Amino acid sequence: MSEGIGASVLRKEDKKFLTGKGRYTDDINRSGQTHAYFVRSDVAHANIKSIDTKAASAASGVVAVYTGEDVAADGIGGPICGWVVPCRDGSPTKEPPHPILANGKVRYVGDHVAVVIAETLAQAKSAAELVEVEFEELPAVVDLESASSSAEIHKEVPDNCYFDWELGDEASTDKALESASRVVKLQVKNNRLVPNAMEPRAALAEYDDVSESYTLHTTSQNPQLTRLVIAAFMFQIPESKLRVVAPDVGGGFGSKIYVYAEEAVCTWASKKINRPIKWTADRTQAFLSDAHGRDHINNVQLALDDNNKIIGLRVDTICNLGSYLSAFAVSVPTYLHGTLLSGVYDIPAIYTNVKGMATTTAPVDAYRGAGRPEATYLLERTMDAAAREVGMDPTEFRRLNFIPKDAFPYQTQVALQYDTGDYEPQLDQAMEMIDYKNFENRRSEAAKRGMYRGIGVSTYIEACGIAPSAVAGALGSRVGLYESASVRVDPTGTITVFTGAHSHGQGHATTFAQIVSEKLGVPLANVDLIHGDSEKNSFGMGTYGSRSLAVGGAALVKALDKVIEKSKKIAAHLMEASVEDVEFNEGKFAIAGTDKEKAFGEIALAAYVPHNYPHETLEPGLEESAFYDPLNFTYPSGAHIAEVEVDPATGVVEVVDWAACDDFGNLINPMIVEGQVHGGIAQGIGQALLENAHYDENGQLLTASYMDYCMPRADDLPSFKVGYTNTPCTHNDLGVKGCGEAGAIASPPAIINAVIDALSPLGITDMSMPATPLKVWKAIQDSQSVAAE
Amino acid sequence: MYSTKYVKPNSTSEALEAIKSLNEGKFLAGGMTLIPTLKQRLASPDGLVDISGCKLDSISDEGETLRIGAMSRHVSVAESAVVKKVIPALAKLAEGIGDRQVRNRGTLGGSVANNDPSACYPSAVLALKATVHTNNRSLAANDFFTGMFETALEEDEIIESISFSKPINANYIKFPNPASRYAMVGVFVAQFDDGVRVAVTGAGEGGVFRHEEMESALSSNFSADSLKSINIASDGLISDLHASSEYRANLIKEMTKRAVA
Ligand SMILES: Cc1cc2nc3c(=O)[nH]c(=O)nc-3n(C[C@H](O)[C@H](O)[C@H](O)COP(=O)(O)OP(=O)(O)OC[C@H]3O[C@@H](n4cnc5c(N)ncnc54)[C@H](O)[C@@H]3O)c2cc1C
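For the record, the sequence lines run as chains P and A. The numbering of the first sequence is numbering that gives the first Met the number 0, which starts it at 0 and goes up by one. The numbering of the second sequence is numbering that gives the first Met the number 0, which starts it at 0 and goes up by one.
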């Protein structure tokens with residue numbers, strides 16, 4: 000069986016993970032290691048009147064206690080914002096300081112006030128209880144809609160508004176709304192989520208006083224970026240004096256993209272005490288201080304003409320970015336959200352205004368899908384609302400407005416240009432898979448059992464493989480968005496791939512090896528992957544935004560092409576032929592029209608034992624690297640259809656069936672792709688039915704443990720029917736688009752549309768996420784009391 | 000967790016002696032509640048007396064009653080042939096507690112002593128007219144539970160076993176809290192010769208309680224229909240993020256209907 004592109008080979012990395020041999024940051028220990036514990040604010044918003052660390056410093060086992068004053072005295076800066084946008088009035092994004100230990104003020108429950116470093120974790124915790132912080136409490140700012148008129152959180156951020164940004168043509172959009180024969184209006188809220196990676200964040204920081212350099216092991220999705228930010232921006236030390244390693248990382252979902260205060264504090268302090276420092280978040284700290292996701296309110300207006308064609312879309316959004324601006328907090332609701340508002344539809348006029356607000360809650364940033372789930376949710380909810388208003392089947396209404404397949408490349412009104420796509424076959428296939436046409440029979444059968452059955456559609460598009468750097472730069476990104484790859488061929492033909500992408504569950508060790516196997520004809524077992532170490536890997540941008548394959552994989556292909564090119568020259572020399580006549584197929588270099596051939600291994604050996612070698616024109620060795628900066632985003636799309644049953648007696652929503660038909664371009668490993676789809680849908684079901692981060696009016700996070708924050712479990716999920724269409728990406732060599740976030744993007748509106756469809760016989764037309772039993776039951780009760788009146 | 004002493008005696012009397020020698024000692028059963036409390040530093044006992052060696056885990060059919068040792072793990076009750084034969088509803092209840100790991104550790108005695116308002120077992124104890132046997136007395140279920148997380152247990156009193164009266168018919172239906180999967184409402188209905196008992200957990204501000212109106216309705220007619228006209232008051236019911244008191248009232252009736260269906 001082929002092990003190359005398209006083969007569902009088992010994951011090379013799973014033996015390690017399934018047998019408990021993974022090596023995570025917390026598994027690594029150093030002699031002389033100390034333990035850090037952070038004193039965190041238990042109030043949402045306060046001035047710090049005083050911090051008394053005397054008793055803590057004197058406590059048993061304590062090595063050091065530091066506060067924001069110590070950080071400031073050493074001139075250590077805070078994490079920076081990686082992307083900013085201009086405001087409507089021309090002013091820049093307001094970027095308040097984000098000290099790594101609070102300086103004068105705390106701004107959310109969980110804000111880091113001091114660090115206690117001790118011989119053992121228990122000693123650090125005990126001493127932390129002795130740190131006395133006197134707060135002067137200020138009003139908490141929790142409600143998003145009133146945030147602009149609430150207490151000032153940062154003096155640099157007037158009206159608690161970080162930015163007020165717009166995209167699209169307001170005049171033509173408002174004209175479309177005025178001239179429309181119907182305007183569909185809807186307010187939707189995107190609930191706030193806690194990422195909940197299985198492995199909590201952790202850091203192990205060391206300082207070597209001989210080389211005067213730091214080593215930081217940490218839970219990062221992009222260790223090179225962490226190195227750049229900490230060294231150049233926060234510490235202002237030569238970048239070469241910091242090595243950052245992200246060993247095995249147990250899930251990220253976005254939350255491990257950013258540099259957090261804790262790892263920076265540990266790194267800084269490791270030099271001060273000249274001993275290694277270990278810190279691992281417990282689950283409560285993770286709930287309080289990991290960057291959260293989503294939290295939008297969107298007001299949508301969709302303009303239709305007499306024929307039910309969409310002629311305009313206006314979306315006014317306010318989003319909660321929390322107490323400080325996290326690295327990509329600004330880009331998520333703007334360029335990763337506003338640009339997706341055309342969806343898979345031909346919309347001639349679009350305008351969006353987005354206000355990014357500060358509140359006294361944890362910072363909010365990218366979470367699986369990052370902006371695109373929010374755009375998809377509001378759009379797909381609106382499509383259903385519109386279909387209902389005009390009395391059309393929701394699939395027919397979508398078809399009427401799809402971008403036709405002959406319209407590609409398609410320029411949207413919100414900056415993006417889609418290269419390829421074909422949306423009808425996806426919808427056809429998903430409808431076939433779920434037997435859409437017989438749905439009404441299933442609805443009546445369920446009604447006989449006293450259950451309300453509903454079906455909900457979501458036809459989405461997303462933008463992955465975030466790129467090109469030049470475009471991102473023009474839009475406010477402060478980083479490039481290329482990726483790097485190196486291929487080192489050993490003398491015997493085994494291969495090590497180095498990538499700037501980072502796998503924390505995605506399976507790169509397998510998919511990247513499959514690409515090598517396909518291109519060079521070597522067995523999968525002969526290919527190893529090294530990632531996540533700034534000392535070993537070239538600079539790269541890490542893994543998020545479903546970019547690893549579309550950008551990192553494409554870089555790997557470029558490096559492999561260079562290997563092949565050089566190998567051909569060696570082969571030509573060995574077989575005394577001209578390079579043009581060398582053909583490479585299935586691991587063999589052959590001379591056209593002859594029976595001469597050399598195996599890939601023979602070429603590798605010649606490269607490293609160059610006794611007979613074209614030294615005049617070629618260097619020995621076989622090792623190549625490449626950087627790839629894509630020409631465009633990639634545009635996966637698809638149709639997801641959910642079927643639910645609602646029990647009116649309890650309000651429980653059961654997801655009973657699911658069909659997903661996605662276009663990810665070419666698939667490298669269909670099994671891994673299917674796993675990504677399953678995981679994404681599970682997360683979407685979590686958002687739509689179960690998960691909600693709830694702060695009370697005092698800014699206390701009430702859902703700070705699994706007792707109250709509900710993660711999806713296996714029995715919350717149906718068996719998924721997964722299918723594909725394929726319009727290969729036109730601008731990367733693999734024709735791939737990315738699949739990591741699609742499920743989480745597509746699924747929430749499919750479920751809520753299905754719930755609303757189920758309850759439509761009761762006159763219910765709205766439902767917010769998460770559709771908990773309480774909320775659904777209440778909606779049913781209210782509809783019945785309305786009916787009774 | 001603060002550092003603490005740990006002892007594992009071999010009998011109840013040794014356990015009692017051990018606990019008396021401590022200022023603020025705690026019995027440790029399955030540890031499923033106690034250990035997380037210690038880890039979060041919400042309690043700092045100066046010693047733990049592990050009672051898992053005290054031979055309190057037998058399960059026996061005693062004619063009128065079924066006696067279950069306090070240290071019986073949830074998994075043992077769920078899988079016990081005797082329990083399944085004599086009071087299958089009790090085995091079903093145990094099977095529905097937490098997850099496999101929790102069931103392998105958690106115990107009947109720990110659950111009842113803790114009297115978490117969302118725990119499942121207290122409803123069975125109350126509905127099945129159980130008697131709680133401690134090291135020095137026997138308490139009727141009605142007198143045992145005294146409020147949320149409160150019981151009639153004295154300091155340093157140890158539950159040794161619980162005898163459950165055998166019903167003609169019994170059932171437990173739990174509506175789990177979506178997040179914790181403890182009971183958001185759990186209803187244990189038990190039918191005896193002299194009437195029906197309905198005990199509700201997960202819902203009452205004062206912990207587990209009996210619903211007398213449903214009891215008398217079901218005593219005269221053991222069917223879901225007989226509950227139709229009953230209006231469950233929401234006062235006194237817990238209201239939280241997951242369920243308002245009105246919703247809990249609805250669930251109490253709904254779960255009771257399902258229990259007798
Ligand atoms: C994830 C999770 C899910 C759970 N889900 C459920 C659920 O769905 N339904 C449910 O009912 N429960 C649930 N539980 C609770 C669990 O089933 C145990 O019943 C509970 O934790 C107490 O039992 P234990 O044996 O672990 O007691 P421990 O934690 O050891 O002790 C609890 C308390 O009781 C005292 N104690 C223990 N035994 C005795 C005794 N014999 N005499 C006197 N005092 C005693 C201890 O001193 C301590 O104060 C869950 C727990 C967890 C962790």
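Watch out, some of these pointers could steer you wrong.
[Stated by the list, open to error] Computed spacing ranges between beta-carbons, pair by pair:
1) Glu169(P) - Pro175(A): 45 to 51 Å
2) Ser7(P) - Lys7(A): 46 to 52 Å
3) Gln186(P) - Gly235(A): 35 to 41 Å
4) Asp60(A) - Ser59(P): 52 to 58 Å
5) Ser222(A) - Lys447(P): 18 to 24 Å
6) Asp155(A) - Glu534(P): 58 to 64 Å
[Stated by the list, open to error] Just a few of them, taken from the derived set where beta-carbon distance is under 7 Å, the chain P residues facing chain A:
7) Met197
8) Pro424
9) Trp776
10) Ile779
These aren't lab readings, by the way, just hints derived from the structure by calculation. No experiment lies behind these values; they were computed from the predicted model shown. Using N, Cα and C, we set each Cβ at its ideal position, and we do this for glycine too.
Now the hints, each set against the structure:
1. Glu169(P) - Pro175(A): 45 to 51 Å: 49 Å, holds
2. Ser7(P) - Lys7(A): 46 to 52 Å: 51 Å, holds
3. Gln186(P) - Gly235(A): 35 to 41 Å: 36 Å, holds
4. Asp60(A) - Ser59(P): 52 to 58 Å: 55 Å, holds
5. Ser222(A) - Lys447(P): 18 to 24 Å: 21 Å, holds
6. Asp155(A) - Glu534(P): 58 to 64 Å: Roughly 59 Å apart at Cβ, these two residues keep to the hinted range, so it holds.
7. Met197: 16 Å, violated
8. Pro424: 37 Å, violated
9. Trp776: Because about 6 Å separates Trp776(P) from the closest Cβ in chain A, which is inside the 7 Å limit, the hint holds.
10. Ile779: 10 Å, violated
Hints 7, 8, 10 from the earlier list are contradicted by this structure; the remaining hints agree with it.
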